[in-house]
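Trainee: Be aware that the sequence shown starts at 1, since it is given in my numbering, and climbs by one per residue.
Calculated from the structure, these hints are not laboratory results. As the structure is a computational prediction, the values presented were derived from the model and not from experiment. The beta-carbon is built from N, C-alpha and C at its ideal position, and this holds for glycine as well. Heads up, a few of these hints could be off.
Unchecked claim - Pairwise CB distance ranges, derived in the manner of DEER restraints:
1. K70 x D22: 24 to 32 Å
2. S144 x F253: 19 to 27 Å
3. A81 x I125: 20 to 28 Å
4. G75 x A179: 19 to 27 Å
5. S144 x R255: 44 to 52 Å
6. W148 x R12: 36 to 44 Å
Said to hold, decoys possible - Simulated crosslink set (DMTMM-like; lysine to aspartate or glutamate; CA at most 20 Å straight-line):
7. K251 x D228
8. K85 x D174
9. K14 x D274
10. K48 x E86
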Amino acid sequence: MDTLTAHKLIRRVKDESFDGEDLDQYTLLLQVGPRDAQVALYLRPAGKFILLEDYVFPEAGTIDSLNSIKNLFDGHTFLSAGFWKEVLISIKGTHFTQLPADLFDKSNAAEVLKINSSFDPQQEIVAWSTPYKNIVTIFSVQRSLYGWLNSIYNRQSTTFFHQSGNLVAAALNDTTVPAGVHVYIDRFSMHITAVASGKLLYYNQFVIKEFQDYIRYILLVMKTLTLDPEAFPVILWGFVSRTSPHFAEFKKFIRHVALGARTRSVGFSPAFGDVQDHFFSDIFAMVRK
């Protein structure tokens, strides 16, 4: 498969200080989805992100085939390197659930996950992470993907996350994030996280088939939680801008709409100055104190 048709680089941000000879000083972050992938490097001693890459896969397939992600690795300058300080991997997918930590028991994690999703135990393994002190995210990872990534990064600590847990972490772990309905506009999907008084009220993701789905789902969630669109704020994250149709449509139905501010819990190289503050909050939340 030709590299040019297998993936397309949408954005690259790289600090001039990045040294490919000192990879053991960096934390590698990788988020993998069926239609896109993100790569980032975080330098823990300096407490800042120094690189970010965003890719899309024009030939949208399944993670199970591994064709797109393997092709990305084959043509990449450092992804296949095996000497990182640590590796953090986030999975995008619909097989997940959020659970209060005091109810979590790893021995029945698969049974709990089956309540909310129809994952295939023959093709997927069950994993979990803790996005916040009293919340556990249970999710599945394709066995082929899990095994392949672990075979590459078998010399260092590798931790798996789920995108949903990252967004919960983004809303709760940063004390500067305001209470409100946090809407993450992703490619072909939307994530809604509602928080108030430091507590998670709601999280779910929605497949978007037509533009009207955005406002329909947001208002449905607000109605379910008895939140007044005239009073409760909606904060937008992800692939949206103040001049986008999404923003204009939301303003018709919701009084208080704003774009999210970049997290203060981690630092960023000056090279990130051109990246809008509300972009990639799911990636940045993978680094947890």
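Trainee: If you draw a straight line from the CA of K85 to the CA of D174, is it 20 Å or shorter?
Mentor: violated, 24 Å
Trainee: Given a hint of 24 to 32 Å, does the C-beta separation of K70 and D22 actually sit inside it?
Mentor: Holds - the Cβ-Cβ distance for K70 and D22, about 26 Å, lies within 24 to 32 Å.
Trainee: If you draw a straight line from the CA of K14 to the CA of D274, is it 20 Å or shorter?
Mentor: Between K14 and D274 the Cα gap is close to 11 Å, so the pair holds against 20 Å.
Trainee: Honestly, do S144 and F253 meet the 19 to 27 Å range at C-beta?
Mentor: Roughly 43 Å apart at Cβ, these two residues miss the hinted range, so it is violated.
Trainee: Next pair to validate is K251 with D228; report whether the Cα-Cα distance is within 20 Å.
Mentor: Roughly 14 Å separates the two Cα atoms, so the pair holds.
Trainee: Does the Cβ distance between G75 and A179 fall inside 19 to 27 Å?
Mentor: violated, 44 Å
Trainee: Given the range 36 to 44 Å, decide if the beta-carbon distance of W148 to R12 lies inside it.
Mentor: violated, 24 Å
Trainee: For the range 20 to 28 Å, tell me whether the beta carbons of A81 and I125 fit it or not.
Mentor: holds, 25 Å
Trainee: Is 44 to 52 Å respected by the C-beta to C-beta distance linking S144 and R255?
Mentor: holds, 47 Å
Trainee: For a C-alpha distance cap of 20 Å, please report whether K48 and E86 respect it.
Mentor: holds, 15 Å
The structure fails to meet hints 2, 4, 6, 8 from the earlier list, while all remaining hints are met.
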